[in-house]
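Generate the whole structure from the sequences, applying the supplied hints.
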Amino acid sequence: MNQTSENALIQKINEIPQFKQKSQEWLSQRMLYLTSSDAASAMGINPYSKPEELLFKKCGIAVPFSGNVATRHGEKYEDEAIEKYCKAFGMKNYEFGLIPYEKVRRENPIESYKFLAGSPDGLAVPLNNPTEEPILLEVKCPYRRKPVRGCCPDYYYPQVQLNMLICDVKRAHFIEYLPFAEASESLTVTAYEIDHAYLSKWIPVLQKFWGEVMDYRDNGSITEHKNYSKWSERMRKAKAKLQEEKERDDADQNYMLGSDSD
1 MNQTSENALI
11 QKINEIPQFK
21 QKSQEWLSQR
31 MLYLTSSDAA
41 SAMGINPYSK
51 PEELLFKKCG
61 IAVPFSGNVA
71 TRHGEKYEDE
81 AIEKYCKAFG
91 MKNYEFGLIP
101 YEKVRRENPI
111 ESYKFLAGSP
121 DGLAVPLNNP
131 TEEPILLEVK
141 CPYRRKPVRG
151 CCPDYYYPQV
161 QLNMLICDVK
171 RAHFIEYLPF
181 AEASESLTVT
191 AYEIDHAYLS
201 KWIPVLQKFW
211 GEVMDYRDNG
221 SITEHKNYSK
231 WSERMRKAKA
241 KLQEEKERDD
251 ADQNYMLGSD
261 SD
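Using my numbering, you'd call the opening residue of the sequence shown number 1 and step up by one each time.
Rather than coming from a laboratory, the hints here were simulated on the basis of the structure.
The model shown is predicted, which means the values in this text are computed figures rather than measured ones.
The beta carbon of each residue, even a glycine, is placed where N, CA and C say it ideally should be.
Some hints here could point you the wrong way.
[What the hints assert, rightly or not] Think about it this way: if two alpha-carbon atoms lie no more than 25 Å apart in a straight line, the pair counts; the simulated PhoX-like pairs of lysine-lysine are:
no., residue 1, residue 2
1, K50, K230
2, K241, K230
3, K92, K76
4, K226, K237
5, K12, K92
[Claimed, not checked] Label pairs and their calculated CB-CB ranges:
no., residue 1, residue 2, range
6, E132, I16, 18 to 24 Å
7, E111, D218, 16 to 22 Å
8, V189, Q24, 18 to 24 Å
9, N68, A197, 32 to 38 Å
10, V148, N227, 33 to 39 Å
11, D79, R217, 31 to 37 Å
12, L127, M43, 35 to 41 Å
13, Q24, R248, 20 to 26 Å
14, K103, P130, 21 to 27 Å
15, A251, P17, 22 to 28 Å
16, Q207, R145, 19 to 25 Å
17, L27, F89, 30 to 36 Å
18, N227, P47, 16 to 22 Å
19, K12, D215, 31 to 37 Å
This is the structure we're talking about:
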């Protein structure tokens with residue numbers, strides 16, 4: 001992403017072809033891998049998305065999601081959160097797109113992990129020691145949930161651990177930011193180290209899930225899944241609803257343009 005740095009790992013990851021997060025190319029690339037943000041769903045610990053929903057999503061039967069008030073809030077304040085963090089800790093952050101495990105040059109790569117990829121919110125290095133091993137950043141700006149100091153919600157923890165593994169770093173900062181809180185309460189930072197025991201326990205679960213995805217893809221048999229009709233109908237209804245909303249927005253915009261010309 002055209003970022004220069006004297007840090008060896010930053011430069012190594014910067015050499016990997018990447019796309020801007022949320023771009024169409026980035027979204028298409030994500031279909032090739034099981035990404036760290038989907039890990040909790042595959043593990044069955046995400047209260048907002050179950051394994052079966054993710055299975056259908058990875059097989060092209062995805063219920064469209066255009067965001068909600070909570071996700072838009074998070075996206076709006078993420079950059080501000082990183083800016084506050086860097087100022088408070090004397091860090092410089094480097095942003096990246098999707099990073100596949102298999103593309104990061106490392107000692108003793110594990111062949112069976114090549115299905116993993118992740119999009120960290122950044123890799124940060126100290127301003128006074130830019131060659132130090134980077135710290136992986138994962139940022140959340142909760143809309144209603146109140147952060148608990150020293151605690152990362154269970155459904156975000158796999159994302160933090162997998163992104164450390166993928167990026168070949170040993171430390172992470174889980175950052176939560178409340179933009180409207182008192183200054184002393186607005187930024188919560190929890191430090192983590194890579195937990196190889198945790199990863200060794202859960203990666204086989206992720207491998208099994210991804211194997212199921214690939215079986216359905218290779219055989220073209222997702223239509224034979226017992227719940228195919230349910231998910232395809234949900235997708236159809238969601239697409240129809242989005243189309244109705246778009247047409248309504250277009251009509252409102254045309255009306256406003258017509259009013260302006262009077």
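Results for each hint:
no.	hint	result
1	K50 to K230	holds (14 Å)
2	K241 to K230	holds (17 Å)
3	K92 to K76	holds (20 Å)
4	K226 to K237	holds (19 Å)
5	K12 to K92	holds (17 Å)
6	E132 to I16: 18 to 24 Å	holds (21 Å)
7	E111 to D218: 16 to 22 Å	holds (19 Å)
8	V189 to Q24: 18 to 24 Å	violated (33 Å)
9	N68 to A197: 32 to 38 Å	holds (36 Å)
10	V148 to N227: 33 to 39 Å	holds (35 Å)
11	D79 to R217: 31 to 37 Å	holds (36 Å)
12	L127 to M43: 35 to 41 Å	holds (37 Å)
13	Q24 to R248: 20 to 26 Å	holds (24 Å)
14	K103 to P130: 21 to 27 Å	holds (23 Å)
15	A251 to P17: 22 to 28 Å	violated (41 Å)
16	Q207 to R145: 19 to 25 Å	violated (31 Å)
17	L27 to F89: 30 to 36 Å	holds (32 Å)
18	N227 to P47: 16 to 22 Å	holds (19 Å)
19	K12 to D215: 31 to 37 Å	holds (34 Å)
In terms of the numbered hints stated before, the structure departs from hints 8, 15 and 16, listed from lowest to highest.
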